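Fit chains B, C and D to the supplied structure of chain A, relying on the hints for placement.
Protein chains in written order, with my numbering: chain A, 8 to 353; chain B, 8 to 353; chain C, 8 to 353; chain D, 8 to 353.
Keep in mind that the hints were calculated from the coordinates and are not lab data.
Given the structure is predicted, the values throughout are model-derived calculations rather than measurements.
A couple of the hints might just be wrong.
When chains are identical, the list treats them as one kind, so a pair holds in a single copy or across two.
As the list claims (entries may be wrong) - Here are the simulated DSS-like pairs of lysine-lysine, each with C-alpha atoms no more than 30 angstroms apart in a straight line:
| hint | residue 1 | residue 2 |
| --- | --- | --- |
| 1 | Lys-341 | Lys-233 |
| 2 | Lys-51 | Lys-147 |
| 3 | Lys-258 | Lys-233 |
| 4 | Lys-196 | Lys-51 |
| 5 | Lys-258 | Lys-99 |
| 6 | Lys-51 | Lys-267 |
| 7 | Lys-32 | Lys-10 |
| 8 | Lys-196 | Lys-171 |
| 9 | Lys-99 | Lys-171 |
| 10 | Lys-341 | Lys-51 |
Protein chains: 4
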Amino acid sequence: MIKAGIIGSTGYAGGELVRILSAHKEAEVKWYGSRSYIDQNYAKVYRNMFQIVDAVCMDDNMEQLAEQVDVIFTATPQGLCASLVNEDILSKVKIIDLSADFRIRDVSVYEQWYGIEHKSPRFIGEAVYGLCEVNREEIKKARLVANPGCYTTCSILTAYPLAKEGLIDMNTLIIDAKSGTSGAGRGAKVPNLFCEVNENMKAYGVASHRHTPEIEEQLGYASGEKVLLNFTPHLVPMNRGILATEYAALKREVSYEEVKAVYDQYYAGEQFVRVLDRDECPETKWVEGSNYVDVNFKIDSRTGRIIMMGAIDNLVKGAAGQAVQNMNLMFGLKESEGLELVPMFP
Amino acid sequence: MIKAGIIGSTGYAGGELVRILSAHKEAEVKWYGSRSYIDQNYAKVYRNMFQIVDAVCMDDNMEQLAEQVDVIFTATPQGLCASLVNEDILSKVKIIDLSADFRIRDVSVYEQWYGIEHKSPRFIGEAVYGLCEVNREEIKKARLVANPGCYTTCSILTAYPLAKEGLIDMNTLIIDAKSGTSGAGRGAKVPNLFCEVNENMKAYGVASHRHTPEIEEQLGYASGEKVLLNFTPHLVPMNRGILATEYAALKREVSYEEVKAVYDQYYAGEQFVRVLDRDECPETKWVEGSNYVDVNFKIDSRTGRIIMMGAIDNLVKGAAGQAVQNMNLMFGLKESEGLELVPMFP
Amino acid sequence: MIKAGIIGSTGYAGGELVRILSAHKEAEVKWYGSRSYIDQNYAKVYRNMFQIVDAVCMDDNMEQLAEQVDVIFTATPQGLCASLVNEDILSKVKIIDLSADFRIRDVSVYEQWYGIEHKSPRFIGEAVYGLCEVNREEIKKARLVANPGCYTTCSILTAYPLAKEGLIDMNTLIIDAKSGTSGAGRGAKVPNLFCEVNENMKAYGVASHRHTPEIEEQLGYASGEKVLLNFTPHLVPMNRGILATEYAALKREVSYEEVKAVYDQYYAGEQFVRVLDRDECPETKWVEGSNYVDVNFKIDSRTGRIIMMGAIDNLVKGAAGQAVQNMNLMFGLKESEGLELVPMFP
Amino acid sequence: MIKAGIIGSTGYAGGELVRILSAHKEAEVKWYGSRSYIDQNYAKVYRNMFQIVDAVCMDDNMEQLAEQVDVIFTATPQGLCASLVNEDILSKVKIIDLSADFRIRDVSVYEQWYGIEHKSPRFIGEAVYGLCEVNREEIKKARLVANPGCYTTCSILTAYPLAKEGLIDMNTLIIDAKSGTSGAGRGAKVPNLFCEVNENMKAYGVASHRHTPEIEEQLGYASGEKVLLNFTPHLVPMNRGILATEYAALKREVSYEEVKAVYDQYYAGEQFVRVLDRDECPETKWVEGSNYVDVNFKIDSRTGRIIMMGAIDNLVKGAAGQAVQNMNLMFGLKESEGLELVPMFP
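Just chain A, with the same shape it has in the complex (with noise of 0.2 angstroms):
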């Protein structure tokens, strides 16, 4: 049995973590970290696991915790994990760190974007991006995995085939993404109240959103180019899920059965990627509560354009899931233990 501890249990992806471990069959969380609810009771603060779990809430002592547990995840804001994590640790135990840190290979990317310094460059060269479907091999052998964002799975999942394979001009990628609430955590904040988020609809973070970095870099290995890009989040009033609609110009003219071809060539064998029927567009309540995405296209003939549609649940492949399937690989369990929810409708 694999014991896992959770830095950051309390946020609404660390509750996803609890949720999804309480069911796995091989791995049991021994250390609920949450800085915010030190010995309370975890079942007092997510009141959904009362009687479930039965566990106070502990701090975020990494060094600590790598004595007693096999696999530590970091769901925490970013520069936390960095600025706790050192070889000692990294020798006595895997981490999954669901926040930036290790996400983004240049530091000064890193640190332009996010704002804060980066405390453990050192790791950023052995960690590796836990897009388990692109980089399943490296992640199997990693001590090490940054899990990627929400918007970021979701976003280069939906284009990684055409980026892949060339059809599309990397320069033309427009990506328009609609977020639940949930991704914007749990901590206290006006904007965030229900009657602020009810019946409302905004895009936030316009040309300046830190996903867009991790997106570009992503997508750059895909198509062996330096990509820039616009990517637009937008808030939603739900709780879960996350819709990117994204854009390009095709390079040639192309046919729905090539291109269905291609995203098949990748995504045929993928347990958790069902490219959908033709005509048919994602939504993202048909992946909520799951491990999926689900993704199609439309060819514009009229404008030369695809549009590409990728729909996830952003705090399970977004996060928890994505994490878990991370553990399921380091530690050469079945990749989808834990994890063949079948999503919740309605």
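Here is chains B, C and D on its own, set in the frame of chain A:
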């Protein structure tokens, strides 16, 4: 492996049965009945099931079905199960009826509240009311189980211990219940459109809702007296969840500890009923997607009344989950098989 | 032109006052008080007011304010108005207090339920309870009006005619109320975050909510007897609206027509109270954005009870609208000036 | 007093026309047409209008209507207005058509995108496209106004100044639009049920939505070139509101101030278009219930693109409000009469 057939598999309760059974280790769905979608791919109707269920919808031929499966779930409007069932069928297959056809002992009460003639009153006596926590032993031996209604499950279990122990004056019982909109079904009706339900709250079926006699009958058995009560359902702008707030005069002065002990006496050993800690009010979100019933109470010494509260997911414990719990009991499986669903939050 | 000042103009009730007064022909807001946003542009706090309100937020100096305006609205937490008001101020300006400070006659009841000391009990006797349909004539002469609470407005008006006419047994009255989330205010608290409220339903303040004694006092005046009742508020995932479902035993057998006549006797002449047609249940959406109270009732001859129902927009008739209605009465304006708001649907 | 008739008064746009006109000082509704609810009380269909509108629904006899009113609003599906209008009618009455029948100059484009034959192409040339901020003078003289679509109003006005001034490359324009569910109408269809829309987000009509040619035509007039663009609508779980996020390559390097000046040049004098302050993103909630269009933009120097954003209430500026604005222009009234609606928040 138990083979299950579902008549009415494309309603919301039917869809939830499919979701739960798709993760059940000892049962599998062999027949996806749906009069409205015959010959259509089930995963086109419920796209969450894409690449999970590979079957087409069948008609609702119960005779034929009885040859092929071990258990039939009828998740259909009232009247259908009663019109199809017969001795030959019951000799071959167990039936769990999610409609109201066999819930009420007195056929005249059924016919009065439902406004239709009962087509097979001869099976009413045999049918067992499938409220697992109350009728567990009878259910184990049953051929025909009447799966309780959603409002009734929540309403009865919330008051059951106090009714049974004679702590409350049954003549004063008032049940004010609130339900998510999935309880209204998937029929295309103007009052159930998004724009009509969203940002709205209303009572309906005041003093005339069909779940009233069912609650009265069951709480009558518990209390040993004839019960007449007020039951008022309300429609709430959310997908899932029922909250029942129940009021009754206490027959005598009681302490918190005394009442808590009564609840614990009935529910401490029940896996799916959680008696919350003092002063915590049940919330539907904390049980969403699970088979739990969360209950609690508050004594108001000013008025001499007790306020009892219960919350369930109407599609799980209020319909499909309880149906599977009944199936598990009827086939001698672990009662919680397939039902150890952790509530999803947020 | 009446000059109005608002202390607490950046709360939800304060914002609604600004919305309503900005279209009022005989009054204009001269002072946008907001301790939290002093010196900030009001239209930056409530961006619906961009290019409509061109003013900065001021502090809450009531002395200074009294020199500059004709009427002060205090849309602040309890305690503030009582701590600021004095004879000098009241000699210069009329005050409409949206907090609870002057709603309850018995200062010990106030101090017990609110848990704070009352700072100016000497004005309690003078203050008029601003439920316009009940106290119209007194309001016209008042210097200080205690604007009723949102739950109380709805709860009282729903039962008022029957309490007044002695048709119901006041000892059996139970009020089960449901409110949209704007009633919880604009404070940044985790329980009011979108993801905590959305898809959720709960009771709170069971047997202890502060609006209880206010309802009891007013219905006591109506019925001429001391009233103790159960009042249970619930939080609903919608922005606006309160629905009250009220239960009471009928003192004698009555017909629909008889009860309807009693409601009509009190409300037929009231512009803002609509007694619905037979069998129609009030819905919050049908009054949204307006000053209406929609009421109706259903007699349950089985149990001998009557179920009364009422719906309001908690920010309009439950707060700002009623405050303006009070202002209109106090200044001899047309009672409905600025309040002929047509409910918005959907 | 202008007498107005509404054909299709029981759809959501028709209902909004009734709401707005009921507070209009110079017009009154004399004919509530509704094929679905003939002879029924209008206030039974839209219960917000109880005690406000006292009229029964009429059929849609345009000949008869033309004798009785000064202006006819047709808030009906495409095809109906074109099938009813004729020279005799137009000689007696002004018509404001909220359907698409007279929005598109080229009848073959209309017939191709809408898939129906146009029944009165001879009036297309005469009809004026009723986008008030663009065609104000022509509207004043028109007998027949084609009221713009909801998506198109928002999409066009958001990009208009930059298209007109030649700052953006029209071949690169991409419009990603998000709409509340009232845009889908009040028809009883499964995809518009509460449980299907709530907690869900999806694109639809990708590369094929009927508002595409309308936007292309109007932005073609503005830019003086043929425009082909991508328009992708999305369904959002909220009642009202459209948000358009638009992307285009800048033809040359521009400063914030320069672009702001262009927007101000067109909109500073417009009462219903608000160009927001720097870095503020339009939100649908801030315009809800009002006739405002909130617009803003962000220059992304990294990609050389500009992101333009606009928000409207789809039922007001996107339908009924703009129709009344057109009526005011056509009858020489104050353009804002009946439309000085303050957005409602929250």
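Hints versus structure:
1. Taking the shortest alpha-carbon separations for Lys-341 and Lys-233, neither the intra-copy value of 35 angstroms nor the inter-copy value of 55 angstroms comes in at or below 30 angstroms.
2. In this assembly of identical chains, the alpha carbons of Lys-51 and Lys-147 never lie at most 30 angstroms apart, being 36 angstroms within a copy and 36 angstroms across copies at closest.
3. In this assembly of identical chains, the alpha carbons of Lys-258 and Lys-233 lie at most 30 angstroms apart whether taken from the same copy (17 angstroms) or from different copies (22 angstroms).
4. When the C-alpha separation of Lys-196 and Lys-51 is checked against a cutoff of 30 angstroms, the pair qualifies both within a copy, at 21 angstroms, and between copies, at 16 angstroms.
5. Taking the shortest Cα distances, Lys-258 and Lys-99 never come within 30 angstroms of each other, neither inside one copy (49 angstroms) nor across copies (56 angstroms).
6. Taking identical chains as interchangeable, the C-alpha atoms of Lys-51 and Lys-267 lie at most 30 angstroms apart only when they sit on different chains, with a minimum of 19 angstroms there against 48 angstroms within one chain.
7. For a Cα distance limit of 30 angstroms, the shortest separation of Lys-32 from Lys-10 qualifies both inside one copy, at 12 angstroms, and across copies, at 26 angstroms.
8. Neither within a single protomer nor between protomers do Lys-196 and Lys-171 lie at most 30 angstroms apart by alpha-carbon distance, with minima of 40 angstroms and 40 angstroms respectively.
9. Taking the shortest Cα distances, Lys-99 and Lys-171 never come within 30 angstroms of each other, neither inside one copy (36 angstroms) nor across copies (56 angstroms).
10. For a Cα distance limit of 30 angstroms, the shortest separation of Lys-341 from Lys-51 across copies, 29 angstroms, qualifies, whereas the shortest one inside one copy, 33 angstroms, does not.
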